[in-house]
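Residues per chain are reported as follows:
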Amino acid sequence: MSLYYVQKLLYLINREPHTRKRLDTDFDVLVSEYDLTTEEISALREVDVGMLYIMGVNGQILMHYAAHRGYEWNDYIATLRRALKEHGPVRAGLYATIWD
Amino acid sequence: MSLVFAGACSHGPGITGRADRADRALRDSLYESFDRLRRAIEESKPDALIIIGAEHFANFFMDNMPAICMGMANSYTGPIEDEQWLGIKHAQVPGNEALSEQLIRSIMRDIDLSYAQEWKFDHGIMVPLHFLTPEYDLPVIPVNINCQGPPLIPLDRCYEFGRALRRACDERPERIAIIGTGGISHWPATPDSGRINEPWDREFLDHFVNNRREKLISYTDEQTYINAGQGGFEIRTYIAIAGATEGSTGEIWFYAPIPIFSVGCTIATMNVE
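As they're listed, the protein sequences go chains P and V. Residue numbers for the first sequence follow this note's numbering, so the first one is 290 and each next one is one higher. Residue numbers for the second sequence follow this note's numbering, so the first one is 92 and each next one is one higher.
Pulled out of the complex, with its shape left as it was, chain P reads as follows (with noise of 0.2 Å):
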């Protein structure tokens, strides 16, 4: 898991409008160009926010992310609790490290 990673390049699309051209024109060289694993570069690819939040990435970075990419708040909270209940508890990152 390169949790680090997967959290730089949502980043970037959050941040910046090429980048965030780029996943829809350029996905493949785009996540070539960070070192990460099958399932992350499969989590970017469906957009499944859910499991990118199993992973452990920040929900602030993750919030931003998921409304860039359509998703309505009440079914961003959905996804994240569907999430939950289907893949258990977050793995890695703040919400799994910190005084659990």
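Hints listed in this document are in silico derivations from the structure and should not be mistaken for laboratory results. Worth double-checking, as some hints may not be accurate.
Below, computed lysine to aspartate or glutamate pairings styled on EDC-like, alpha-carbon distance capped at 20 Å [said to hold, decoys possible]:
1) Lys-297(P) x Asp-154(V)
2) Lys-310(P) x Glu-174(V)
3) Lys-211(V) x Glu-305(P)
4) Lys-180(V) x Glu-305(P)
5) Lys-310(P) x Asp-173(V)
6) Lys-180(V) x Glu-361(P)
7) Lys-297(P) x Glu-209(V)
8) Lys-374(P) x Asp-283(V)
Dock chain V against chain P, hints included.
Below, chain V without anything else, positioned relative to chain P:
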């Protein structure tokens, strides 16, 4: 002339982006308090507004995360978020590079500080500005305290930063207003979004408006995470304001948990003496 105004407010993106889903009376009351805060700032006739925020990975990432960073540019842009999602149109916000530089140089005598000459505001700054300087006609100097990616700066250092900021402001001829903006307890952008620990919030706010330094800096991140969620880390912005107004007390103009806004919405001021 120095510091002429100090206050604090919430900045949750739902405040503008999900406005139509909140209890109407509560929302309108919050908006009226924001407007009262805007008028109070205007009446203080500031030349610049320093806004101490807790941004959410819009500019700063774990490849080079500053504990505290101050903007040093003549203009900024925002929001980075989708306009419709946030309910705020993209805009250019004026800054004051020269004043920023003078303040940064002064603060650095007491506190190590980063600076940024490029800054894209997210909701953490754009929501307050939407209400407080709706015409974007007042130069803004952004400050970010890292409240998102631990390890985080200790709370006593936030208070010290506020003291240093106050001294720096008091050395300047310009009239300067400061606003701290953060959540108190909240679990933003997680499955627990909408959860708010009102008793915890009220106790913290009581310490804040009474400027009880020892109480304010006694919170641990572990306690805060458990009782107030990740969003509780943003109390650092309030503590910086308390440091800037050391010896003074303040007043809460509005507090109410509004779950669809994901936070106990707060408007407060601190006396500047």
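Hint check:
1. Lys-297(P) x Asp-154(V): OK: Lys-297(P) and Asp-154(V) at ~8 Å, within 20 Å.
2. Lys-310(P) x Glu-174(V): holds, 17 Å
3. Lys-211(V) x Glu-305(P): holds, 10 Å
4. Lys-180(V) x Glu-305(P): Judged against 20 Å, a Cα distance of about 17 Å means the pair holds.
5. Lys-310(P) x Asp-173(V): Between Lys-310(P) and Asp-173(V) the Cα gap is close to 14 Å, so the pair holds against 20 Å.
6. Lys-180(V) x Glu-361(P): holds, 18 Å
7. Lys-297(P) x Glu-209(V): Roughly 19 Å between the alpha carbons, so the hint for Lys-297(P) and Glu-209(V) holds.
8. Lys-374(P) x Asp-283(V): holds, 14 Å
Consistency note: the structure conflicts with none of the earlier hints.
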